[in-house]
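Work out the full structure, taking the sequences as your base and the hints as a guide.
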Amino acid sequence: MSAVIRARGLTKVYRNSRALDGVDFDIEAGRIVGLIGPNGAGKTTALKAILGLTDFTGELSVLGFDPRSQRTALMNHVCFIADVAVLPRWIRVGEAMDFVEGVHPRFSRKVCERFLAKTKLRPAMRVKELSKGMVVQLHLALVMAIDAKLLVLDEPTLGLDILYRKEFYQSLLNEYFDHEKTIIVTTHQVEEIEHILTDLLFIKDGKIALAATMDAVGERFTEVLVNPDRREAALALAPVYERQVFGKSVFLFDGPTREQLAALGELHKPSVSDIFVATMKGAYA
Amino acid sequence: MNRYITLLKREYWEHRGGFLWAPIWTAAALLVMVFVGMGVASWHAARTFDGEVKIGVQLQQLLQKVPPEEMGKIVAGFEASLSSFWAILQVVLFFALFFYLLGALYDDRRDRSILFWKSLPVSDLETVLSKAVVALLGAPLIAWAVTVVLHVVFLTLLSVFVLFHGLNAIDLVWGPAEPLSLAIRLLAIIPVNALWALPAVGWLLLVSAFARSKPFLWAVALPVAIGAAISVFDLLQALRIPDFWYWQHIVARILLSLVPAGWLASDFFARGGGLASGDGSASELVTWSMLGNALGSTELWVGVVAGVAMIAAAVYFRGNRELAD
Chain C
1 MSAVIRARGL TKVYRNSRAL DGVDFDIEAG RIVGLIGPNG AGKTTALKAI
51 LGLTDFTGEL SVLGFDPRSQ RTALMNHVCF IADVAVLPRW IRVGEAMDFV
101 EGVHPRFSRK VCERFLAKTK LRPAMRVKEL SKGMVVQLHL ALVMAIDAKL
151 LVLDEPTLGL DILYRKEFYQ SLLNEYFDHE KTIIVTTHQV EEIEHILTDL
201 LFIKDGKIAL AATMDAVGER FTEVLVNPDR REAALALAPV YERQVFGKSV
251 FLFDGPTREQ LAALGELHKP SVSDIFVATM KGAYA
Chain R
286 MNRYITLLKR EYWEHRGGFL WAPIWTAAAL LVMVFVGMGV ASWHAARTFD
336 GEVKIGVQLQ QLLQKVPPEE MGKIVAGFEA SLSSFWAILQ VVLFFALFFY
386 LLGALYDDRR DRSILFWKSL PVSDLETVLS KAVVALLGAP LIAWAVTVVL
436 HVVFLTLLSV FVLFHGLNAI DLVWGPAEPL SLAIRLLAII PVNALWALPA
486 VGWLLLVSAF ARSKPFLWAV ALPVAIGAAI SVFDLLQALR IPDFWYWQHI
536 VARILLSLVP AGWLASDFFA RGGGLASGDG SASELVTWSM LGNALGSTEL
586 WVGVVAGVAM IAAAVYFRGN RELAD
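Chains C and R are the protein sequences, given in the same order. Note that my numbering numbers the first sequence so that position 171 is 171, with each residue one more than the last. Note that my numbering numbers the second sequence so that position 98 is 383, with each residue one more than the last.
Honestly, the hints are just simulated from the structure, not real lab data. If you're wondering where the values come from, they're calculated on a predicted model, not measured in any experiment. Incorrect hints may have been included.
Computed cross-link-like contacts, DSS-like style, restricted to lysine-lysine with a CA-CA straight-line distance of at most 30 Å [unchecked claim]:
hint	chain 1	residue 1	chain 2	residue 2
1	R	K294	C	K132
2	C	K132	R	K499
3	C	K120	R	K294
4	C	K118	R	K294
Written out as structure tokens, the structure reads:
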């Protein structure tokens, strides 16, 4: 498999801060990558660099294009949904379809209309009359009707209720994603998407804190519920995180095998949020 | 080709209020005023002549005896009234264009919808050019079409009025008004206007792409403040350039060149304030020779170069400026 995105020494310096600090990563085709980090960690900056929306230093190749100089060509193969408010408020649903159809060679109006038929959206409606959830439905319908290789989602479901959020990821997974396509998604609602992700990319203070497939993460990280009398033994194995639950300690280990840990107490598969919290220790300090 | 039409349509969808409905409502208001005016005139006529309108026949006879030079005054009168309708619609167009251009590359950065536009395979050059083309040709053509319709409806109303008084509408209205000739000349003005307006279009697009906030202030206050400073300190005086030059050739060109047929004023001053001289028909407010003069002037072409340079700068900033907050 070839890398869809390849970054080497990707750096973006704003006036007072380094949003990205010499980041290296590769994203392969056919993956769903969660780009996860605390506020201000550089997620959005990384996405903007990938989309050619910001200047940067270092090397970055997206589908073989340099996003700085070849944004227009790149956009034939990349789709992008930022958070809910970016569709222009004045546009009508039908006009949005007409426009994308007019400028995008890989857009299928039929497919778009099929998706819209499942919603309450009608061509004459204006974006400013729609609820947030309906705006996202429209944007998703437009994007899913484009046969793109890479889909970038930046907090796509921010501010939506749970019904819209579930529906969003369900249609994305069932009706859009295949092994030719790659999806990068950032969100704070990690627990809602962890079951669809194939890869994790944690970003902290402009640096990659963790880059691994979900399978590897499952093997590397183990959570153990430890009674106080075994706490010392657990600490000896260098846990990456500890929290207290009902007088017991919950340890998160990165590395030790399940066999090593089984003696300490009850084993659990940690959630991505647990791993995230452990990895981001001190991010705001 | 289709994609360029789509880009132009996009501008129209967003701004049809300013480009289509504003001139239509203005035209409708003008027609209502004309209609009321004719009503008042009829009522007056009816009162004055006690209902027995024999003046129809008399006027008809009068008309036949009208000497050619008097007929020329009727022609000039029509030219003046039809041109004033045109001028009023052009004022509306000016305001629509001024604010359209100021917001063209700014509003979508402010409401973040630029992230949507930029997620589509449209280059910054195409985006900026589509907006320039709409301002230079698209909107003026719509305004022209509305003007022509306004002229036709006005002349039709007038014909009904004239027929009602037993006169010949062809001789009295459609002949002297020469609506077709005027429409063609007003259409021919558009490309000259476009060339003349390039520095203003360039400047406003540049500010629109550049400003992080308050594009109006940037666009207007900056050149005016510089001009004020120059006037106060007589900076250019020391350089042996009168400060009037700055106001006339910089401020006026980058802010007011959008005023339709602004080059006429330049032409007017250049001839020392005399009225249109030249090719005979003095009744015509816009003559072919004026268009020729304008196209031959260095000032126009210097402005074209400056305008193109500023549009290029706007394309650069469109690609490099981030969101406005």
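Tested hints:
A C-alpha spacing of about 26 Å is found between R:K294 and C:K132, which places the hinted pair at or below 30 Å, so the restraint holds. With a CA separation close to 28 Å, the supplied pair C:K132 and R:K499 stays within the 30 Å bound. Simply put, C:K120 and R:K294 have alpha-carbon atoms about 26 Å apart, close enough for the 30 Å limit, and the pair holds. With a C-alpha separation of about 28 Å, the suggested pairing of C:K118 with R:K294 holds against the 30 Å cut-off.
Violation of the numbered hints given earlier is absent; every hint is satisfied by the structure.
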